[in-house]
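Given next are the chains, with one letter for each unit.
There are 2 protein chains.
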Amino acid sequence: MTGYGLANLPYGVFSTPGTSRRCGVRFGDQVLDLALALSDPVFAQPSLNAFMAQGRPAWTRVRSQVAEVLRSDLAPLHDLSAVSLHLPFEVGDYVDFYASEYHASNVGKIFRPGAQPLTPNWKHLPIGYHGRAGTVIVSGTDIKRPHGQRKLTPDAAPTYGPSVRMDFEAEIGFVIGTGSELGSPLTAADFEEHVFGVCLVNDWSSRDLQSWEYVPLGPFLGKSFATSVSPWIVPLPALSAARIPAPAQDPEPLAYLKDASGTFDLALEISLNGHVIGTPSFTSMYWTPAQMLAHMTVNGASVRTGDFYASGTVSGGTTDQLGCLLELSWGGARPFTLADGTTRTFLEDGDQITISATAPATDGTRLSLGEVKGRLVSS
Amino acid sequence: MTGYGLANLPYGVFSTPGTSRRCGVRFGDQVLDLALALSDPVFAQPSLNAFMAQGRPAWTRVRSQVAEVLRSDLAPLHDLSAVSLHLPFEVGDYVDFYASEYHASNVGKIFRPGAQPLTPNWKHLPIGYHGRAGTVIVSGTDIKRPHGQRKLTPDAAPTYGPSVRMDFEAEIGFVIGTGSELGSPLTAADFEEHVFGVCLVNDWSSRDLQSWEYVPLGPFLGKSFATSVSPWIVPLPALSAARIPAPAQDPEPLAYLKDASGTFDLALEISLNGHVIGTPSFTSMYWTPAQMLAHMTVNGASVRTGDFYASGTVSGGTTDQLGCLLELSWGGARPFTLADGTTRTFLEDGDQITISATAPATDGTRLSLGEVKGRLVSS
Chain A
1 MTGYGLANLP YGVFSTPGTS RRCGVRFGDQ VLDLALALSD PVFAQPSLNA
51 FMAQGRPAWT RVRSQVAEVL RSDLAPLHDL SAVSLHLPFE VGDYVDFYAS
101 EYHASNVGKI FRPGAQPLTP NWKHLPIGYH GRAGTVIVSG TDIKRPHGQR
151 KLTPDAAPTY GPSVRMDFEA EIGFVIGTGS ELGSPLTAAD FEEHVFGVCL
201 VNDWSSRDLQ SWEYVPLGPF LGKSFATSVS PWIVPLPALS AARIPAPAQD
251 PEPLAYLKDA SGTFDLALEI SLNGHVIGTP SFTSMYWTPA QMLAHMTVNG
301 ASVRTGDFYA SGTVSGGTTD QLGCLLELSW GGARPFTLAD GTTRTFLEDG
351 DQITISATAP ATDGTRLSLG EVKGRLVSS
Chain B
1 MTGYGLANLP YGVFSTPGTS RRCGVRFGDQ VLDLALALSD PVFAQPSLNA
51 FMAQGRPAWT RVRSQVAEVL RSDLAPLHDL SAVSLHLPFE VGDYVDFYAS
101 EYHASNVGKI FRPGAQPLTP NWKHLPIGYH GRAGTVIVSG TDIKRPHGQR
151 KLTPDAAPTY GPSVRMDFEA EIGFVIGTGS ELGSPLTAAD FEEHVFGVCL
201 VNDWSSRDLQ SWEYVPLGPF LGKSFATSVS PWIVPLPALS AARIPAPAQD
251 PEPLAYLKDA SGTFDLALEI SLNGHVIGTP SFTSMYWTPA QMLAHMTVNG
301 ASVRTGDFYA SGTVSGGTTD QLGCLLELSW GGARPFTLAD GTTRTFLEDG
351 DQITISATAP ATDGTRLSLG EVKGRLVSS
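So the sequences go chain by chain: A and B.
Residues 1 to 379 in the working numbering are what the first sequence spells out, letter by letter.
Residues 1 to 379 in the working numbering are what the second sequence spells out, letter by letter.
Misleading hints may appear alongside valid ones.
Heads up, the list lumps identical chains together, so a pair's fine if it works in one copy or across two of them.
Claimed, not checked - In silico DSBU-like links for lysine-lysine, alpha-carbon gap of 30 Å or less:
1) Lys-151 with Lys-258
2) Lys-123 with Lys-109
3) Lys-151 with Lys-109
4) Lys-258 with Lys-123
Please keep in mind that the hints were generated in silico from the structure rather than gathered at the bench.
Start from the sequences and build out the full structure, keeping to the hints where you can.
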């Protein structure tokens, strides 16, 4: 498979039948057994956290060593088809942002018709909230349709039952490698030092649970039942050719939100049961990942190894660039047709969503961020 | 000190100079060294999590063994004054509820004047949101005044600077001992099996950061800089005499929120620099702790050992029963006078907040839930 050459080398956690979970690097359609390859017990652990906690100098050294081992004939490799992939890191805190102006505007129009689509704060700060870390799961895990309180019509009394407006959200996630001290904010310039790598995120959403619960304290059960992440964490150096200037921001952000490092050129693709339904680009995001990190810690909040934050739904300005069904079906008002002739407003039991992404690589090819997939099943 | 007899026996984590953190039980003004007393390495760990994960039968057995050891002359005890107390559990996910009708009504009147104080969903479900687990700290840790974006007047542009409306919130916290499976909701009846114990919580709040950021996705930086918890976790059996029927709820909650177990009679006391400023009672809370657990998991969200959830501000219906300064000063509009003659609207640098609580004990006396204290310092 292309996209997993020496210019990528993403990290994950795998096991083979009868063996315990340990760290690996994907190379083509193979997985390098890191603990064997580098004779380092930090990779014999069932998560990347211990390695991530070692910091940028160790990450740089290991990336060179991995490339060297792979160029030799002695690399301990497993066929990808022979391994199971697991959640690659132990999740500390999970923060979900809301950084696409297109997405936030569309959601505002759908959820709050008649009001200004963007709230007054939106262009002054990257809006975010804490999600549930304990229900972050690896790609491939089935998603049970959640039950809960929802109003089947706006004027009806709330009832208990299965969610009837199930959605996905295509997002990009950023994994914290090294932590910070409580009371010491990070700046946008600290992004490279603290962020280990990037993954794909599906922030599964129940729009009926969410719309009934979210005023005044934000999304809770409409999101907390599951968040899927891709199994391979692409390290930041692999994305150096994908760096692009940040989008124009007006009004100019306050000084603590200044970011000279820019954002990433990541091309996403979303499929429903194998039919492509959206191809958003991360270049359309208003707020940058480094601005999110600076904002998240401006109040002195610390970060820890394994914390991660997601961008919010990646949606662009055209109908082929939308990152969730809420927008694609305009709140359920406009069913759309798949290539197999069936129609959707929200997800049906058995539907599988696959989100993949690619980016320019340092060798002139494109690298793959892999995919995050999941199937909705009845419960 | 009274309140820490055989009818209480709360669990915590302590160290003595030159030794590592380990688990203990408070008895009077002494701390029982559990690993020594019971010769069990589970208590030699720096958090209660491993013990909590063992479940209710182990909790019951250990509580009996501790009482037996304390009745002997051989208990390995340390003077409380000779030990340092630490965060008693490793926090998984932290959820903050909003379960006081008085508090929610007052906040609604202050933050959304002219609108209905309670949002339409409030009496149908216990409103909650996820807080930041990584900034949960033990009582006694100083709180640095957070910086961030706030509007100094409602019509001003947002500026960066120290929060000028610093507040506390007096809450009760519930610590999850044993986890649940993803996709399998818990019921109110599962409360006794999964909840290990109870602590005191100060949900420090920056009202200016919060009011600017919280629409539409809820509180974030206004809360995430610090949440303080008391060092001693009171196990549920110690509170069996504090069990009282749940308050009347109208409308009748949906079936999944039915709770036959009721709530707890906990008397809180809040002091600012040693002057009592509030004495709310947990009996005034609208939603019960078991209802919160059932709601938090109704969508299939799992819980893990070390997760904890807090009740939201405990406020009653009279001015001597308010659990935060936002209510006490009515959003800053009504300065109030302390016994030392100084006045406050919000917290000043150097102010110390101490929240304590007592409850009826099984031996006819009252037991102490200890205290959670913290001092606001400039940053």
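Status of the hints after comparison with the structure:
In this homomeric assembly, Lys-151 and Lys-258 come within 30 Å of each other (Cα to Cα) only across copies, at 19 Å, whereas the closest approach inside a single copy is 42 Å. Within a single copy, Lys-123 and Lys-109 get their C-alpha atoms as close as 16 Å, and across copies as close as 27 Å, so both meet the 30 Å cut-off. Taking identical chains as interchangeable, the C-alpha atoms of Lys-151 and Lys-109 lie at most 30 Å apart whether they share a chain (19 Å) or sit on different chains (26 Å). Taking CA atoms no more than 30 Å apart as the test, Lys-258 paired with Lys-123 passes inside one copy only; the shortest distance there is 13 Å, against 43 Å between copies.
In summary, the structure agrees with every hint in the numbered list given earlier.
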